[in-house]
Amino acid sequence: MKTISAHNLTGPSRKSQGTLRRILKNPTLLGGIIMLAILVLLAILIPVISPYDPSAQDLRAFLQPPSAEHWLGTDQLGRDLFTRLIYAARTDLTIMVLAEIIPFCTGVFLGMLAGYYGKWIDNIISLVTDTFVAFPFYLIVIIVAFASGAGQRGIFITFMLVGWIVFARVTRGVTVSLRQQEWVASAQTLGLSGIRIMFRHILPNVLPQAVVVLMTDMVGLLVAIVTLGYLGIGIAPPTPDWGTMISDGQSFITTAWWLSAMPGLAVVYTGIALSLVGDGLADLWRRR
Amino acid sequence: MSKKYAFSRKLWVTGICTLLILVLVAGCSGGQSSSGSNENAGQNTNQAGQTEGNTGANPDQAATGGTFVYGRPAAVNSFDLHNQITANNAFAIDKVFESLLSFNSDGEIVDWLAESHSVSEDGLTYTFVLRDGVKFSNGTDVTAEDAVFSLERHLEVGGPLAIAAKVDSVKAQDAKTLVITLQEAYTPFLSELSNFSNGIIPKDFGGVSEEEFFKQPVGTGPFVVESWDPTGDVTFTKNPYYWQEGKPYIDKLVYKLIEDDSQAINQLKAGEVDAIESLALQNANEIKEGADTAVAENGSWVTEQIFFNTLDEHFADVHVRRALAQAIDREGLTNALTFGYAQTATSLLPTAIPYNSNDTVKALEFNVEAAKQELAQSAYPNGFSTKLLIASGNSSRAQAAQIIQAAGKEIGINIEIESIELAAFRERFFAYDFSMMINSGQADSPEANSIIAFQTDPDGFSKSYWTHYTNDEVTKLLREGQKTQDGEERAATYAQLLQILADEVPYIPLYYPEILKGVRSSVDGLIVLPNGSLRFEEVRIGQ
Chain A
358 MKTISAHNLT GPSRKSQGTL RRILKNPTLL GGIIMLAILV LLAILIPVIS
408 PYDPSAQDLR AFLQPPSAEH WLGTDQLGRD LFTRLIYAAR TDLTIMVLAE
458 IIPFCTGVFL GMLAGYYGKW IDNIISLVTD TFVAFPFYLI VIIVAFASGA
508 GQRGIFITFM LVGWIVFARV TRGVTVSLRQ QEWVASAQTL GLSGIRIMFR
558 HILPNVLPQA VVVLMTDMVG LLVAIVTLGY LGIGIAPPTP DWGTMISDGQ
608 SFITTAWWLS AMPGLAVVYT GIALSLVGDG LADLWRRR
Chain B
12 MSKKYAFSRK LWVTGICTLL ILVLVAGCSG GQSSSGSNEN AGQNTNQAGQ
62 TEGNTGANPD QAATGGTFVY GRPAAVNSFD LHNQITANNA FAIDKVFESL
112 LSFNSDGEIV DWLAESHSVS EDGLTYTFVL RDGVKFSNGT DVTAEDAVFS
162 LERHLEVGGP LAIAAKVDSV KAQDAKTLVI TLQEAYTPFL SELSNFSNGI
212 IPKDFGGVSE EEFFKQPVGT GPFVVESWDP TGDVTFTKNP YYWQEGKPYI
262 DKLVYKLIED DSQAINQLKA GEVDAIESLA LQNANEIKEG ADTAVAENGS
312 WVTEQIFFNT LDEHFADVHV RRALAQAIDR EGLTNALTFG YAQTATSLLP
362 TAIPYNSNDT VKALEFNVEA AKQELAQSAY PNGFSTKLLI ASGNSSRAQA
412 AQIIQAAGKE IGINIEIESI ELAAFRERFF AYDFSMMINS GQADSPEANS
462 IIAFQTDPDG FSKSYWTHYT NDEVTKLLRE GQKTQDGEER AATYAQLLQI
512 LADEVPYIPL YYPEILKGVR SSVDGLIVLP NGSLRFEEVR IGQ
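First to last, the sequence lines map onto chains A and B.
The number in the numbering used here is simply the position in the first sequence, starting from 1, with 357 added.
The number in the numbering used here is simply the position in the second sequence, starting from 1, with 11 added.
Just chain A, with the same shape it has in the complex:
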């Protein structure tokens, strides 16, 4: 891949104008951003949109088909499915974002460290990443979920453990190729410290790659959160979550298919949105 020069970061105002135009010209990115924005807006505004409490049961109006009153019908305990669907987006997206932040930062940092300094630092970090890669991700997730008990904690712990690896690997690769560039050598001869070169000059060039990977990784994490919920070792009731909703609706797949299909579609929707954003960003930065 063609590396991006650090020196084109000039004039902030002109740059942001250009970025906006480029985004508008990039349908993939624009589509992804719009899809995500709709979901996030809904998740924020749901208490205003829906008159229902996501946990409020009505045992005399259960398993109702979609109607004007209940847009997506009600579940087995008479809870409004649409309301739960969007509240579940809140739960799942929040966990997804929170669980990605720290692994992203540590991964990028360790990757740069390994790529820039090489030698024994690289050896150690690469050894650890390669070891973790050898384990299937879900195996680790399920072991940790059982060890730490069901719930959000398991998801966070697992991701602290393994989430950083993908970022470290990508960042390391890019950093290794950047290190051989002339401007790095000149920065070194000017006497700039390694840390400064890494954060001021290499980081801005590594970040786009890492962010693109972040989007993909978030889809994976979302699916993991939903899977754990489906298996009953994820988010505990009554907090709505797409995975538990899919599993609760499973018994009614032939009679009330929307109970499972809607949360499933929501996962697909979010996955597509994030993937589009990732693809779009990759395009954007490649063209620049």
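Keep in mind the hints are simulated off the structure, nothing from the lab.
Some hints here could point you the wrong way.
If you only want the chain B side, here are some residues facing chain A, beta carbon under 8 Å, derived [claimed, not checked]:
(1) Gln293
(2) Asn294
(3) Glu297
(4) Gly343
(5) Asn346
(6) Ala347
(7) Ser406
(8) Gln413
(9) Ser430
Here are a few chain A residues that sit away from chain B, every Cβ distance over 12 Å (derived from the structure) [stated by the list, open to error]:
(10) Arg379
(11) Ile380
(12) Ala394
(13) Pro408
(14) Leu416
(15) Arg417
(16) Ile482
(17) Leu496
(18) Ser505
(19) Phe513
(20) Leu588
Distance windows between CB atoms, simulated [to be verified]:
(21) Thr463/A to Glu324/B: 31 to 37 Å
(22) Ala281/B to Ala504/A: 51 to 57 Å
(23) His479/B to Phe492/A: 43 to 49 Å
(24) Asn393/B to Arg553/A: 41 to 47 Å
(25) Thr376/A to Glu270/B: 53 to 59 Å
(26) Arg437/B to Phe492/A: 28 to 34 Å
(27) Lys263/B to Phe492/A: 45 to 51 Å
(28) His479/B to Asp410/A: 36 to 42 Å
Note that the Cβ used here is the ideal one computed from N, Cα and C, for glycine as well.
With chain A fixed as given, assemble chain B onto it according to the hints.
Positioned in the frame of chain A, the structure of chain B alone reads:
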């Protein structure tokens, strides 16, 4: 590099889409298989759609012979009738061994291997006269000596369904007459004798060792074990010497192990099995409405309940238990979870059990205000946090748990649902390591004492169903009920006992689920017993 990540991104999207398509296809194919073979079912559908506990044989449409395949969730691992209690073994043992008495689909005690029985005035002497012409499956005649040997072995072994009566002696008066004397009256005795664990086996195991005998069991039942894998399937053939002439109509009966419930349903729809043992309430309508499947149902001896550990700091307080009982809308819960296949519970005893007193016992009614007031009288007027233990994999209980959680929240009790694997769940409650749990109580014979003793006797094996509930008045009434002869006095004793339980709520009876079996529409003459077992003697398999 970017190519590689674009690829993995696409992989995710493709993966998710594939998954979705799979789900849709699974849904569609389910629909197709049930409507696709409409023509096969033909006239059978109507008549079998109404299959109830007892359908009459219909020789016009179905012939004798054939193999009946029954899908069951757990394997048969022992035929030792005196040492077993769980359904996986019990419902195989009762095909091979039979007792002096049995019960019909209404739960009434009937003479079985005994032609008649009589009980002396004082309730101490029981006399049974054996039927003529009853033979074991090896062709030898059944005598009173065999019955003496069987009951004495059971008394000696004890086992999980031990004979609770204080038996003084078991004697063969002549070849056909058996006399049992008791030290003190024990009214549930007849019903306990109808249990599979009091089946008759040949004297001295027919001359072989105990171990060999239970590998190749010989009994009077309608079926004989042909081959048996203790971790898999059992194949039975019909007993040529069966005392009910001409029966069973089928030649072979296969117990096929299908551990997964949804797989069992699929196999039933596909016609790979003729019936399935385990059918969840929420799947019942799907099977009932299927073109060539039907639901066989009967009232059960089961009560679904919430159990409190009365040693728990919170639930030791009767006001707390009463508050929670009043906070739960049991009728709504039954409605939402059982799809018309259950009755809301009032007393501890299911309606199919005599002396259930369901008409007179006053259970605490659903009333949130009253619940709050009740909690205000407890040691925790401002509420507290606790945990509700359930076994995972049971969707009705998972949903019930959420209803209870919401009900608790209304009155300030914060309930966390702890869902763990079935084996771990059993270990936990056997060790009293729970605050509250959802589980069910089941009678083994049509006797009030069967459930009541298991759930109120603090000195019994089950310690009041692991609630540790102890109430001297209840214990006294329990003993009285065991000694009082059948009649109004006994009814009054149980009514009083059940009312105390309803007031002190060591457990909240939620509903009495019906027994449901998924059956192919082509099957005729299947009898569903209220303990969950089936009689196959009159089964005919149509086309």
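Do the hints match the structure? See the list:
1. Gln293: Constraint on Gln293/B satisfied, holds at 4 Å.
2. Asn294: holds (6 Å)
3. Glu297: Because about 6 Å separates Glu297/B from the closest Cβ in chain A, which is inside the 8 Å limit, the hint holds.
4. Gly343: Hint holds; Gly343/B Cβ to chain A Cβ min 3 Å, cut 8 Å.
5. Asn346: holds (6 Å)
6. Ala347: holds (5 Å)
7. Ser406: holds (6 Å)
8. Gln413: holds (5 Å)
9. Ser430: The hint holds - Ser430/B has a Cβ within 8 Å of chain A, the shortest such distance being about 6 Å.
10. Arg379: Non-interface label on Arg379/A holds, nearest chain B Cβ at 17 Å vs cutoff 12 Å.
11. Ile380: holds (19 Å)
12. Ala394: holds (19 Å)
13. Pro408: holds (18 Å)
14. Leu416: Given that some Cβ of chain B is not farther than 12 Å from that of Leu416/A, nearest at about 3 Å, it is violated.
15. Arg417: Non-interface label on Arg417/A violated, nearest chain B Cβ at 6 Å vs cutoff 12 Å.
16. Ile482: Check passes; 18 Å lies beyond 12 Å.
17. Leu496: holds (18 Å)
18. Ser505: Given a closest Cβ separation of 14 Å, the condition holds.
19. Phe513: Its Cβ never comes within 12 Å of chain B, the nearest being 19 Å, so this holds.
20. Leu588: Label violated. Min Cβ-Cβ 9 Å, cutoff 12 Å.
21. Thr463/A to Glu324/B: 31 to 37 Å: Because 43 Å falls outside the window, the suggested range is violated.
22. Ala281/B to Ala504/A: 51 to 57 Å: violated (40 Å)
23. His479/B to Phe492/A: 43 to 49 Å: 45 Å Cβ-Cβ, so the 43 to 49 Å window holds.
24. Asn393/B to Arg553/A: 41 to 47 Å: This hint is violated: roughly 58 Å between Cβ atoms.
25. Thr376/A to Glu270/B: 53 to 59 Å: holds (57 Å)
26. Arg437/B to Phe492/A: 28 to 34 Å: holds (32 Å)
27. Lys263/B to Phe492/A: 45 to 51 Å: holds (49 Å)
28. His479/B to Asp410/A: 36 to 42 Å: Cβ of His479/B to Cβ of Asp410/A: about 37 Å, so the range 36 to 42 Å holds.
The structure does not agree with the numbered hints 14, 15, 20, 21, 22 and 24 stated previously, though it agrees with the rest.
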